[in-house]
Amino acid sequence: MVFWFAAACLTLLAILFVLMPLARAGRDAADPFEYDKAMFRARRREIENDVALGRISGDAAKAAIAEEGRKLIARAEQGAPRTGPLSLGAARMLVLVAALAVPLLALGGYLYAGNPGLPDQRLASRLDASLADQPIAELIRRAETHLADNPDDVQGWKVLGPIYTRMGRYQEAVQAWSNVLRLAPETPEIRSTLAIAMIAASQGLITERARALLDAEVADNPESVQANFYLAVAAGQQGDHAEAVRRWDRLIAGAEPQAPWLATARSLRAKAAGFAGLEADTAADTAPGPSRQQVEDAAALSTDDRQAMISGMVERLSDRLAQSPTDKEGWKRLARAYIVLGERDRLARAVETAIAANGDDAAFVGEMRAALAQLPPHQQEAPSGPSNDTEEARE
Amino acid sequence: MINELGHFALVLALALALVQGALPAIGAARGDNRLMAMGPSLALGTFVFIALAFGALTAAYVTSDFSLVNVWENSHSAKPMLFKVTGVWGNHEGSMLLWVLILSLFGAMIALFGSNIPPDLRANVLSVQGWIAIAFLLFILLTSNPFERLDPAPFEGNDLNPVLQDIGLAIHPPMLYLGYVGFSVTFSFAAAAMISGRIDSAWARWVRPWALAAWLFLTAGIAMGSYWAYYELGWGGWWFWDPVENASFIPWLAGTALLHSALVMEKREALKIWTILLAIITFSMSLLGTFLVRSGVLTSVHAFANDPERGIFILMILIVFIGGSLTLFAIRAPALKAGGLFQPISREGALVFNNVFLATAAATVLTGTLYPLAMEALTGAKISVGAPFFNITFGPLMIPLLLLMPLGPLLSWKRADLYPALQRLFWIAALALIVTLAVAALTTDQPVLAALGIGLAAWVMLGAFAEIWTRAGIGRTAPATSLSRLGGLPRTLWGTALGHFGIGVLLLGVVCVSAFERETVTEMQPGDTASVAGYRFAFEGVLPVSGPNYSEQVAQLSVTSPWGNVFAMRPAKRIYQARNMPTTEAAIETIGFSQLYISLGDVAADGKLVVRAWWKPQVTLIWIGAIFMVLGGAVSLSDRRLRVGIAERAKSRRKQAEPADASA
Numbered sequence: 001m002v003f004w005f006a007a008a009c010l011t012l013l014a015i016l017f018v019l020m021p022l023a024r025a026g027r028d029a030a031d032p033f034e035y036d037k038a039m040f041r042a043r044r045r046e047i048e049n050d051v052a053l054g055r056i057s058g059d060a061a062k063a064a065i066a067e068e069g070r071k072l073i074a075r076a077e078q079g080a081p082r083t084g085p086l087s088l089g090a091a092r093m094l095v096l097v098a099a100l101a102v103p104l105l106a107l108g109g110y111l112y113a114g115n116p117g118l119p120d121q122r123l124a125s126r127l128d129a130s131l132a133d134q135p136i137a138e139l140i141r142r143a144e145t146h147l148a149d150n151p152d153d154v155q156g157w158k159v160l161g162p163i164y165t166r167m168g169r170y171q172e173a174v175q176a177w178s179n180v181l182r183l184a185p186e187t188p189e190i191r192s193t194l195a196i197a198m199i200a201a202s203q204g205l206i207t208e209r210a211r212a213l214l215d216a217e218v219a220d221n222p223e224s225v226q227a228n229f230y231l232a233v234a235a236g237q238q239g240d241h242a243e244a245v246r247r248w249d250r251l252i253a254g255a256e257p258q259a260p261w262l263a264t265a266r267s268l269r270a271k272a273a274g275f276a277g278l279e280a281d282t283a284a285d286t287a288p289g290p291s292r293q294q295v296e297d298a299a300a301l302s303t304d305d306r307q308a309m310i311s312g313m314v315e316r317l318s319d320r321l322a323q324s325p326t327d328k329e330g331w332k333r334l335a336r337a338y339i340v341l342g343e344r345d346r347l348a349r350a351v352e353t354a355i356a357a358n359g360d361d362a363a364f365v366g367e368m369r370a371a372l373a374q375l376p377p378h379q380q381e382a383p384s385g386p387s388n389d390t391e392e393a394r395e
Numbered sequence: 001m002i003n004e005l006g007h008f009a010l011v012l013a014l015a016l017a018l019v020q021g022a023l024p025a026i027g028a029a030r031g032d033n034r035l036m037a038m039g040p041s042l043a044l045g046t047f048v049f050i051a052l053a054f055g056a057l058t059a060a061y062v063t064s065d066f067s068l069v070n071v072w073e074n075s076h077s078a079k080p081m082l083f084k085v086t087g088v089w090g091n092h093e094g095s096m097l098l099w100v101l102i103l104s105l106f107g108a109m110i111a112l113f114g115s116n117i118p119p120d121l122r123a124n125v126l127s128v129q130g131w132i133a134i135a136f137l138l139f140i141l142l143t144s145n146p147f148e149r150l151d152p153a154p155f156e157g158n159d160l161n162p163v164l165q166d167i168g169l170a171i172h173p174p175m176l177y178l179g180y181v182g183f184s185v186t187f188s189f190a191a192a193a194m195i196s197g198r199i200d201s202a203w204a205r206w207v208r209p210w211a212l213a214a215w216l217f218l219t220a221g222i223a224m225g226s227y228w229a230y231y232e233l234g235w236g237g238w239w240f241w242d243p244v245e246n247a248s249f250i251p252w253l254a255g256t257a258l259l260h261s262a263l264v265m266e267k268r269e270a271l272k273i274w275t276i277l278l279a280i281i282t283f284s285m286s287l288l289g290t291f292l293v294r295s296g297v298l299t300s301v302h303a304f305a306n307d308p309e310r311g312i313f314i315l316m317i318l319i320v321f322i323g324g325s326l327t328l329f330a331i332r333a334p335a336l337k338a339g340g341l342f343q344p345i346s347r348e349g350a351l352v353f354n355n356v357f358l359a360t361a362a363a364t365v366l367t368g369t370l371y372p373l374a375m376e377a378l379t380g381a382k383i384s385v386g387a388p389f390f391n392i393t394f395g396p397l398m399i400p401l402l403l404l405m406p407l408g409p410l411l412s413w414k415r416a417d418l419y420p421a422l423q424r425l426f427w428i429a430a431l432a433l434i435v436t437l438a439v440a441a442l443t444t445d446q447p448v449l450a451a452l453g454i455g456l457a458a459w460v461m462l463g464a465f466a467e468i469w470t471r472a473g474i475g476r477t478a479p480a481t482s483l484s485r486l487g488g489l490p491r492t493l494w495g496t497a498l499g500h501f502g503i504g505v506l507l508l509g510v511v512c513v514s515a516f517e518r519e520t521v522t523e524m525q526p527g528d529t530a531s532v533a534g535y536r537f538a539f540e541g542v543l544p545v546s547g548p549n550y551s552e553q554v555a556q557l558s559v560t561s562p563w564g565n566v567f568a569m570r571p572a573k574r575i576y577q578a579r580n581m582p583t584t585e586a587a588i589e590t591i592g593f594s595q596l597y598i599s600l601g602d603v604a605a606d607g608k609l610v611v612r613a614w615w616k617p618q619v620t621l622i623w624i625g626a627i628f629m630v631l632g633g634a635v636s637l638s639d640r641r642l643r644v645g646i647a648e649r650a651k652s653r654r655k656q657a658e659p660a661d662a663s664a
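As you go down the protein sequences, you meet chains A and B in turn. 1 is the number of the first residue of the first sequence in my numbering; add one for each residue after it. 1 is the number of the first residue of the second sequence in my numbering; add one for each residue after it.
Okay, chain A solo, but in the shape it has when bound (with noise of 0.2 Å):
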């Protein structure tokens, strides 16, 4: 109502802008003729002021002088061969229709583009509204305007830790944990939980500095399983296949039987042995995995081109069993392909497919069955740190 008013009020500015002179007109509608005039009069100073800077002869100036005469004159014998002006009515309709089509045009370009219902949205005012209205980002805004005036409020920042990194704000849940160790550096699996933020802000690149601190947690807490876990990501990020699979053995050999992470963590230890060259400790491994070379080339390439080269290496392996659906070794294979690479769909796709091809053979579909089952929806897939429900932000 109040925005209908306003635009009413400048609607109205507009329409006098367009009036206003017809109230004026008539009264200065001085002879064109003036303006030459004085145009002479302007010129024939300025060369009465060049003769006195010797600019110009005496001469000279008389005949330019006499130039700008000649031109005067010119311009009042050609006088005014205009058609004559409008008269009064049709001048005022004019100017009428002009004065109705601005509000109309205005208004129907207006409704066609604007949103006149939608209010301002400030950030001023939308950090004033009741807490339990504001989404989750607005609570965030709000918590680092308090520790922006309170850095050293620890439990501050072990809130926001973790709601960073579901945020996918890696740099700075990085931020927030180096602030707890700062502050708090007795905190559990602290220095892990920092390494993790880091890996997860490189893009899954356990850096030097996250080594250091993995290993600054084990050396404190070595029962620290996701440290542990990470050390073991790391060694065989290094190329250190064979240390990879001495860690994942003991990381696995130490787990509860129902431990979330167990699945990925043999997944990536059967990995780490398929590269390392050693015997892995299924059966299933002894089926042709990536040759020597393709294993040199993995190693050699950067995080997202290995995962490019290994879903292409998938991708390869599904076209193939698409044209021979019998293959149970080739199906097995895909099968924990699909569970390392986290694909919960395709996997599912894969294990009915198999199914509906081997369908005579038992323990084959109960094979992938138990493949299917160990990728439930949503199963994390490596432990994470402590985690802070959101509600703590409400605090």
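Quick caveat, the hints were computed from the structure, so don't treat them as lab data. No experiment lies behind these values; they were computed from the predicted model shown. Each hint should be verified, as a subset may be incorrect.
[Said to hold, decoys possible] One-sided excerpt, in silico: chain B residues whose CB lies under 8 Å from chain A:
no.	residue
1	3
2	7
3	11
4	14
5	37
6	64
7	66
8	73
9	77
10	80
11	141
12	153
13	580
[Claimed, not checked] Derived DMTMM-like pairs (lysine to aspartate or glutamate); straight-line CA-CA distance at most 25 Å:
no.	chain 1	residue 1	chain 2	residue 2
14	B	414	A	315
15	A	37	B	309
16	A	37	B	417
17	B	337	A	67
18	A	71	B	309
19	B	337	A	68
20	A	71	A	36
21	B	414	A	208
22	A	62	B	200
23	A	62	B	309
24	B	608	A	208
25	B	337	B	269
26	B	414	A	46
27	A	71	B	269
28	B	414	A	34
29	A	62	B	417
30	A	37	A	48
31	B	337	A	240
32	A	332	A	315
33	B	414	A	68
34	B	414	A	327
35	B	382	B	309
36	A	71	A	120
37	B	414	A	59
38	B	337	A	77
39	B	337	A	208
Even glycine gets a Cβ: it sits at the ideal position worked out from N, Cα and C.
We have chain A; now place chain B onto it with these hints.
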């Protein structure tokens, strides 16, 4: 509500511009005073409503209202207030709004200060301004609307490109646009003159202050842009012949030519056709520049072809305005009577010479800018026309111009004697020669070209004041007489002298920095020292610092000058958090007119830091020269002694303001 009112005001401005484009022109055609008198009121109205829209957008930036797509894309709540405001024009939509704001500002200025212009001419000028405003308001509303909304508003914005978060950008685009768009006035004058059929020396006199104002803003804008690129991009170059720079430089060259040819038209009624054509070309080049920068065609012809909506629209504007005005020109030009005759050796001749070279230079730069685009469009090959092309073509074109620059103002109109003019320049030529020889003798290890360049600069700088020197009779009359004569000289004379002097200063800076620059690139670790041009700098370490919306690594350098005084320099590398984008903050120490310029490169493999240091002798003269040029323009513009006053009989009317006889 403010956002929507801003949007509404913008649509209202379009409606008013439509009326402004129609009624005053009808009035002028019919000789109807009432309709002609609508021009100023409508021009003011259009300006008021565009200003309201601009104010609303600025308010949204200041209050971080991310319910506007444009604000969300280009702002961030943690940005310092200054950059929240400058962010308004740091993006496509906002900068187009600034463009029309300035266009309508010029319209309003004609309405307020143009009462010395005959009503029919003024009505036509304002109508043409109205048409330009219509075109660009439609462009904004249809393809680049800054008032597009987002609901619900995202919490945080995407931030402004970090390299644009700089004080240089706060002033540079408005200045540049004041220049670019200022030439719309001369264009409108040209179009109006052709519509009404009155093209004479009086026209040139009315148009020249506007051309001068546009020219001085454009000069300031380009100079500021150059300095911004120099210190912000961290490459230490002051001009890159980059297409975006060229887009502003071509109108400058054409506008400079226009300024000089309008002088001839005003004084001698010669070069009428050419002056009108230049007025059209100058604004066309401004439009072309806007098209190049705004359509995305520079990044890639193909990117443009894939998302052509905006580009096509500006192209249409370009075709309509350039094509329309040239058609009008083709119809009117043959009817123009040739003006005053003149001998080749005369003031007119010198100004024609100036125009030929400036126009050729503009065409050269235009070719170099468009050629890669044409190549890409035709063959798909991406080539770049770089500095070598421009140095080979543009440089030689400037040399004759600079050589004759001191001579021109000494020649008289119509026909001149070369001999007395040369005689007056004899001592200046001798001094310039001495400077050349001295430089050549002192810098034996340098190319002779450097000495010649410095000699040329001295010739231009000293020669700029030759006319003032002569007119005041310095050395020929008593000092007291000279002094009083000096005071009596028209300001336009001083304006010309300052402008030409500025060119010489700029040239001196360019030659010095091109010939004598020293560069050192080293990898350093704490404790290392290196040196450039006698300045030793010790690297003490790196200090992390955090700013409002960035964090930076500041290198601590302790510099010892050849004379033993020690000062600190702090180049830095910044990371802007919102876009996770790094920028280089060069450290610049000004010593006299020279600068020591240090910027940081990447961290080398062995953990050392790459430090690039330049010694840039007399580099600041480049921008100081531009300041002199702007100053010259301002002095000319302020010449109040020769204003055209409307008849004493009409004393009740407001007094007229008309700076005349401006020269650049």
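To see whether the hints hold, each was checked on the structure:
no.: 1; hint: 3; in the structure: holds, 5 Å
no.: 2; hint: 7; in the structure: holds, 5 Å
no.: 3; hint: 11; in the structure: holds, 4 Å
no.: 4; hint: 14; in the structure: holds, 7 Å
no.: 5; hint: 37; in the structure: holds, 4 Å
no.: 6; hint: 64; in the structure: holds, 4 Å
no.: 7; hint: 66; in the structure: holds, 7 Å
no.: 8; hint: 73; in the structure: violated, 15 Å
no.: 9; hint: 77; in the structure: holds, 5 Å
no.: 10; hint: 80; in the structure: violated, 15 Å
no.: 11; hint: 141; in the structure: holds, 6 Å
no.: 12; hint: 153; in the structure: holds, 4 Å
no.: 13; hint: 580; in the structure: holds, 7 Å
no.: 14; hint: B:414 - A:315; in the structure: violated, 85 Å
no.: 15; hint: A:37 - B:309; in the structure: violated, 51 Å
no.: 16; hint: A:37 - B:417; in the structure: violated, 34 Å
no.: 17; hint: B:337 - A:67; in the structure: holds, 16 Å
no.: 18; hint: A:71 - B:309; in the structure: violated, 51 Å
no.: 19; hint: B:337 - A:68; in the structure: holds, 16 Å
no.: 20; hint: A:71 - A:36; in the structure: holds, 9 Å
no.: 21; hint: B:414 - A:208; in the structure: violated, 81 Å
no.: 22; hint: A:62 - B:200; in the structure: holds, 21 Å
no.: 23; hint: A:62 - B:309; in the structure: violated, 60 Å
no.: 24; hint: B:608 - A:208; in the structure: holds, 17 Å
no.: 25; hint: B:337 - B:269; in the structure: holds, 10 Å
no.: 26; hint: B:414 - A:46; in the structure: holds, 17 Å
no.: 27; hint: A:71 - B:269; in the structure: holds, 11 Å
no.: 28; hint: B:414 - A:34; in the structure: violated, 29 Å
no.: 29; hint: A:62 - B:417; in the structure: holds, 21 Å
no.: 30; hint: A:37 - A:48; in the structure: holds, 17 Å
no.: 31; hint: B:337 - A:240; in the structure: violated, 90 Å
no.: 32; hint: A:332 - A:315; in the structure: holds, 14 Å
no.: 33; hint: B:414 - A:68; in the structure: holds, 16 Å
no.: 34; hint: B:414 - A:327; in the structure: violated, 100 Å
no.: 35; hint: B:382 - B:309; in the structure: holds, 23 Å
no.: 36; hint: A:71 - A:120; in the structure: violated, 61 Å
no.: 37; hint: B:414 - A:59; in the structure: holds, 14 Å
no.: 38; hint: B:337 - A:77; in the structure: holds, 17 Å
no.: 39; hint: B:337 - A:208; in the structure: violated, 82 Å
Consistency note: the structure conflicts with the earlier hints numbered 8, 10, 14, 15, 16, 18, 21, 23, 28, 31, 34, 36 and 39.
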